[in-house]
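Q: Chains as they are written, first to last, in our numbering: chain A, 1 to 116; chain B, 1 to 111.
These aren't lab readings, by the way, just hints derived from the structure by calculation. Treat the hints with care, since some could be wrong.
Restraint-style ranges between C-beta atoms, simulated for each label pair [unchecked claim]:
no., chain 1, residue 1, chain 2, residue 2, range
1, B, 67, A, 29, 28 to 38 Å
2, A, 111, B, 111, 21 to 31 Å
3, B, 8, A, 73, 36 to 46 Å
4, A, 47, B, 53, 19 to 29 Å
5, B, 51, A, 5, 44 to 54 Å
6, B, 79, A, 54, 41 to 51 Å
7, B, 57, A, 15, 37 to 47 Å
8, A, 84, B, 55, 36 to 46 Å
9, B, 9, A, 116, 22 to 32 Å
10, A, 11, B, 107, 18 to 28 Å
Positions of the beta carbon are idealized from the N, C-alpha and C atoms, including for glycine.
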Amino acid sequence: AQTVTQSQPEMSVQEAETVTLSCTYDTSESDYYLFWYKQPPSRQMILVIRQEAYKQQNATENRFSVNFQKAAKSFSLKISDSQLGDAAMYFCAYRTPQSSGSRLTFGEGTQLTVNP
Amino acid sequence: DTEVTQTPKHLVMGMTNKKSLKCEQHMGHRAMYWYKQKAKKPPELMFVYSYEKLSINESVPSRFSPECPNSSLLNLHLHALQPEDSALYLCASSHPLYGYTFGSGTRLTVV
Chain A
1 AQTVTQSQPE MSVQEAETVT LSCTYDTSES DYYLFWYKQP PSRQMILVIR
51 QEAYKQQNAT ENRFSVNFQK AAKSFSLKIS DSQLGDAAMY FCAYRTPQSS
101 GSRLTFGEGT QLTVNP
Chain B
1 DTEVTQTPKH LVMGMTNKKS LKCEQHMGHR AMYWYKQKAK KPPELMFVYS
51 YEKLSINESV PSRFSPECPN SSLLNLHLHA LQPEDSALYL CASSHPLYGY
101 TFGSGTRLTV V
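Required output: the full structure, derived from the provided sequences and hints.
A: This is how it looks when you write it as structure tokens:
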């Protein structure tokens, strides 16, 4: 079974600074997808960024980028120029590609605080 | 339309009540999910529907009964719930090659 580990229950960052959230995973599959989801106090689960395992290039979305190390099974999220609106619970997640209905496995989450 | 719509947003029910949660998507996704989430915890998978058929049931108590009337709709029927069932219930749908799209959830309180 696949597992996802987020070793930082809480992180804090100053506004405009950069912060990196860690995620490691365990799988025997060679093809899979990795995600970072953000859940603000409203509790809406929002997709931040997505990475396909077969792609060597790290995904980026504006101020959000990942460092994907497939051999090390590591998938960290870097948030640049942090904003107050980035404060949220961040979940790392894993899924295998299937025709339909594949399970999304979550880490325990990292609570990010952004200080003004 | 790139949204998953859940109703109601909030629900308070007694332990003897029967209620239903509803979820709707029009993105053509053929997989739909129910998750339960407690505060400061990750979502826990409850049920998966694939092509309107129940494909995964994570040993959920029978007081939760899912239903998928068609490819756009997903219901969760609730009966004789316990206070520990109070949580945020999230619906999601997915495309095989992409991530999930989540609804905004129903905050359920059982009294």
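Q: All hints are to be evaluated individually against the structure, with a verdict given for each.
A: For each hint, the structure was consulted:
1. Taking the beta carbon of each, residue 67 of chain B and residue 29 of chain A are about 32 Å apart, inside 28 to 38 Å as hinted.
2. Range check, residue 111 of chain A to residue 111 of chain B: Cβ separation about 29 Å, and the 21 to 31 Å hint holds.
3. For the hinted restraint 36 to 46 Å between residue 8 of chain B and residue 73 of chain A, the CB-CB distance of approximately 40 Å keeps it satisfied.
4. The beta-carbon spacing between residue 47 of chain A and residue 53 of chain B, approximately 26 Å, falls within the hinted interval of 19 to 29 Å.
5. For the pair residue 51 of chain B and residue 5 of chain A, the beta carbons lie near 33 Å from each other, so the given range of 44 to 54 Å is not met.
6. Taking 41 to 51 Å as the suggested C-beta distance range, the pair residue 79 of chain B and residue 54 of chain A conforms, at roughly 45 Å.
7. A hinted range of 37 to 47 Å holds for the C-beta pair residue 57 of chain B and residue 15 of chain A, which are about 45 Å apart.
8. One distance hint, 36 to 46 Å for the beta-carbon pair residue 84 of chain A and residue 55 of chain B, holds here, with the actual separation near 41 Å.
9. Range check, residue 9 of chain B to residue 116 of chain A: Cβ separation about 30 Å, and the 22 to 32 Å hint holds.
10. At roughly 26 Å, the beta-carbon separation of residue 11 of chain A and residue 107 of chain B lies within the given 18 to 28 Å, and the hint holds.
Checked against the numbered hints given earlier, the structure breaks only hint 5 and satisfies all the rest.
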